[in-house]
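Top to bottom, those sequences are chains W and Z. Sequential numbering from 1 applies to the first sequence in the working numbering. Sequential numbering from 1 applies to the second sequence in the working numbering.
Source of the hints: derived by calculation from the structure; they are not laboratory data. Idealized CB from N, CA, C, for every residue including glycine. Among the hints, erroneous ones may be present.
[What the hints assert, rightly or not] Just the calculated beta-carbon pair ranges, DEER-fashion:
id, chain 1, residue 1, chain 2, residue 2, range
1, Z, ILE638, W, ARG85, 46 to 54 Å
2, W, ALA52, Z, TYR660, 39 to 47 Å
3, W, LEU4, Z, LEU666, 27 to 35 Å
4, Z, ASP631, W, ILE80, 56 to 64 Å
5, Z, TYR660, W, ARG85, 17 to 25 Å
6, Z, LEU680, W, ILE80, 30 to 38 Å
7, W, ARG85, Z, PHE667, 45 to 53 Å
8, Z, ASP631, W, ARG85, 54 to 62 Å
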Amino acid sequence: MVTLNHYLILSAILFSIGTAGVFVRRNLITILLSIEIMLNAVNLTFVAFGRALGSADGQIIVFFVMTVAAAEVAVGLAIIVNVFRLRETVFVDEINLLKG
Amino acid sequence: MLWIIPALPLAAVALNLLIGDRLGRRGTAWLACGAIALAFAASLRAVIALAGHVEADRRIVETAWTWMRVGDFHADVAFLLDPLSAVMTLIVTGVGFLIHVYSTGYMADDPSFRRFFLYLNLFMFAMLTLVLADNFLLMFVGWEGVGLCSYLLIGFWYERPRATEAGKKAFIVNRIGDFGFILGLMFLIKWTGSVNFGQVFESAPRLFEPGSTSIAAAFASLASGHGLPVITVATLLLFLGATGKSAQIPLYVWLPDAMEGPTPVSALIHAATMVTAGVYMVARSHVLFLLSPASLEVVAVIGAATALMAATIGIAQNDIKRVLAYSTVSQLGYMFFACGVGAFGAGIFHVMTHAFFKALLFLGAGSVILGMHHEQDMRRMGGLASRMPVTHWTMLVATIAIAGIPPFAGFFSKDEILEKAFASGHYGVWIAGLLGALLTAFYMFRLYVLTFRGAPRFDERGADSLHAAHVAAEHASHAHGAHGHDDHGHDAHGGPVRESPASMTVPLVVLAVLSVVGGLVGLPFQAGGHLLDRWLRPVMEGGGAPAVRVAELSRGTEWGLMALSVAIAALGIALAFRAYLQKPELATGLRARFEGLHRVLENKYFVDELNQAAFVGPIHRGSVALWRFWDEKVVDGIVNGVGYVLEGFSAILRLFQTGYVGTYALFLALGVLALLLHFLRS
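Using the sequences and the accompanying hints, generate a full structural model.
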């Protein structure tokens with residue numbers, strides 16, 4: 001049987017993968033992707049709870065999350081493009097002008 | 001409305017600061033002189049009102065506001081007009097006004113005209129605060145204020161290093177005296193709980209144990225380990241303050257150097273007013289001094305010693321202003337030893353007459369200096385009587401007055417001092433005073449003859465011949481004032497000698513008149529004491545002090561003493577005329593025979609060099625050593641050390657600022673985790 005717990009564990013794993021990606025990966029775009037993975041993990045959690053509790057609220061929240069994710073990706077990509085234009089790189093460990 | 005008297009010059013200062021540059025020279029002159037004229041008028045009005053009081057009640061006290069209140073102690077900004085402060089106030093405002101008017105002429109070509117009057121008015125404010133104060137603390141405010149203005153005005157031409165050095169010297173030496181003043185004041189506060197004159201003097205006889213009765217007794221008391229009575233210590237400390245302000249031994253060394261300042265400053269501050277503040281303070285505190293006869297003895301001895309010593313230096317000086325400076329020191333000595341023998345009234349009388357003729361002498365000297373195009377060396381003067389008639393006649397009047405020839409002012413006051421010294425049995429002091437009088441008459445008439453009589457020893461044609469003589473004279477003398485430059489710092493240049501403008505000569509004439517008639521308030525042989533004596537009596541004999549009853553002399557003795565004074569003065573005058581006019585070879589011959597002594601006198605007993613070697617040098621070296629260790633190593637070390645420590649911390653902290661987004665994200669996540677754990681736990 002596929003119970004709620006399975007969904008939740010899957011979400012947790014996905015979230016962790018996403019977080020790890022944000023910390024570990026060098027490429028800015030990959031980091032952005034990892035953030036997307038985290039967001040999707042959260043979406044999955046909401047939908048799973050929605051189904052388990054028999055309410056549509058979970059899915060409605062997912063709408064909001066997806067909208068925000070889309071907007072955020074747009075802005076994030078714009079920033080990355082600008083940073084690339086400035087520093088000629090997309091690797092996060094080379095962008096350290098604020099180093100103290 | 002006593003507060004108006006010091007407030008007027010203060011208001012002039014404020015106006016000068018705010019709109020002075022828009023007023024121009026005429027406006028500034030009117031503002032400054034007008035303020036003093038009004039102050040004089042106000043003083044006159046107040047004194048007339050005072051005279052209307054019954055003799056026993058002749059004081060006006062006006063409290064402006066309460067300055068400080070600490071527990072039982074309080075000090076007010078309050079003014080006191082009684083016969084003593086009345087005399088001082090009239091002198092300060094009257095003579096001050098004349099000098100202000102004179103300065104408009106003397107400083108007419110000076111670029112810092114406005115600044116001069118600013119300082120001069122500020123001085124008047126401080127001096128009036130000093131004489132009108134009704135307590136020691138406010139008096140001290142004025143005391144310090146006049147010291148500050150003295151420094152500012154001596155160093156008025158601040159581009160001249162000699163002037164700034166002189167200003168510093170004046171201020172620092174004064175400060176040493178002030179140290180004594182403050183300590184003495186502290187004793188008074190501790191023992192009487194007040195600084196108010198009335199309260200201190202009224203309670204002093206009760207609160208203080210009797211002071212040492214003589215200097216010998218004081219030493220005995222010290223030697224036997226009993227220490228000294230408090231009142232003796234307090235009065236000696238106050239007197240130390242007076243020696244600083246009024247240029248007595250050992251703190252007189254600043255006054256001759258103060259001649260670097262403009263001549264009106266020398267007249268006002270270093271002759272007529274500021275230097276008399278010490279005498280005023282001692283006279284005001286006569287109750288305290290009378291409780292400690294040993295202190296009075298010290299005052300008398302130092303006064304007499306200073307009077308004589310300064311007179312001996314005066315006969316060997318060649319700069320006209322320096323002769324007058326030492327003369328001032330000497331005459332102040334007279335005032336002090338008058339107080340020292342108990343004749344406080346006579347001391348104040350001499351303050352008054354001295355203000356008239358000394359101010360006149362200085363202003364006249366200024367007129368001569370301007371007329372001679374900034375020449376100050378008397379050896380290069382001569383024959384000015386015909387060229388500067390008004391200056392000549394007024395200076396002659398002043399010279400006769402200071403020499404002590406009746407009926408001119410100086411005779412009555414000086415004679416009274418000598419008479420009181422004799423009558424009180426202080427024969428040593430009396431002899432010193434007589435010798436001083438002889439020397440005074442001599443060096444003053446030497447000044448007169450060298451400056452005004454004889455053939456001119458200068459060239460009226462032009463600069464070149466004067467410069468040649470200048471160079472020759474410089475090689476021939478080791479004198480202090482060998483250069484033909486003066487307070488303006490200009491080198492003397494020849495040119496026709498003309499009388500000074502009316503703005504300068506009119507005050508000279510007024511002061512001359514005062515020098516003639518000013519002594520008449522002290523006309524002796526009046527029943528119950530002379531006019532000034534009777535005027536000052538409520539102050540001198542009111543209050544708790546033992547009354548000063550100097551032994552009465554018989555008429556015969558009094559006439560005899562008077563005749564002796566006049567004879568001594570006449571002798572001095574005759575000697576001066578003989579040595580400098582009739583037989584000049586006498587002077588040069590004597591100088592050659594007593595070459596060593598003359599050198600010592602000309603170099604003022606090498607006191608400055610002694611002070612430099614004994615005090616200034618070691619202190620300076622000590623200061624430098626302290627600076628190198630404490631300031632540079634310790635203090636700078638601590639301050640820099642704090643910097644280094646902070647830098648160290650920052651070096652550690654900045655390791656967090658990697659500039660990598662990833663690091664920041666990690667810390668963010670760790671922080672969230674920590675918070676989460678914290679909240680889940682609780």
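The hints, checked one at a time:
Between ILE638 of chain Z and ARG85 of chain W the beta carbons are some 51 Å apart, a value that agrees with the proposed interval 46 to 54 Å. Distance hint check for ALA52 of chain W and TYR660 of chain Z: the Cβ-Cβ separation is about 40 Å, which falls inside the suggested range of 39 to 47 Å. Range check, LEU4 of chain W to LEU666 of chain Z: about 31 Å between beta-carbon atoms, so the 27 to 35 Å window is met. For ASP631 of chain Z paired with ILE80 of chain W, a C-beta distance near 57 Å keeps the hint of 56 to 64 Å intact.
Remark: the range hint 17 to 25 Å for TYR660 of chain Z to ARG85 of chain W is upheld by a beta-carbon distance near 20 Å. Remark: the range hint 30 to 38 Å for LEU680 of chain Z to ILE80 of chain W is upheld by a beta-carbon distance near 36 Å. A hinted range of 45 to 53 Å for the beta carbons of ARG85 of chain W and PHE667 of chain Z is inconsistent with their spacing of about 28 Å. Our hint of 54 to 62 Å for ASP631 of chain Z and ARG85 of chain W holds, since their Cβ atoms are close to 56 Å apart.
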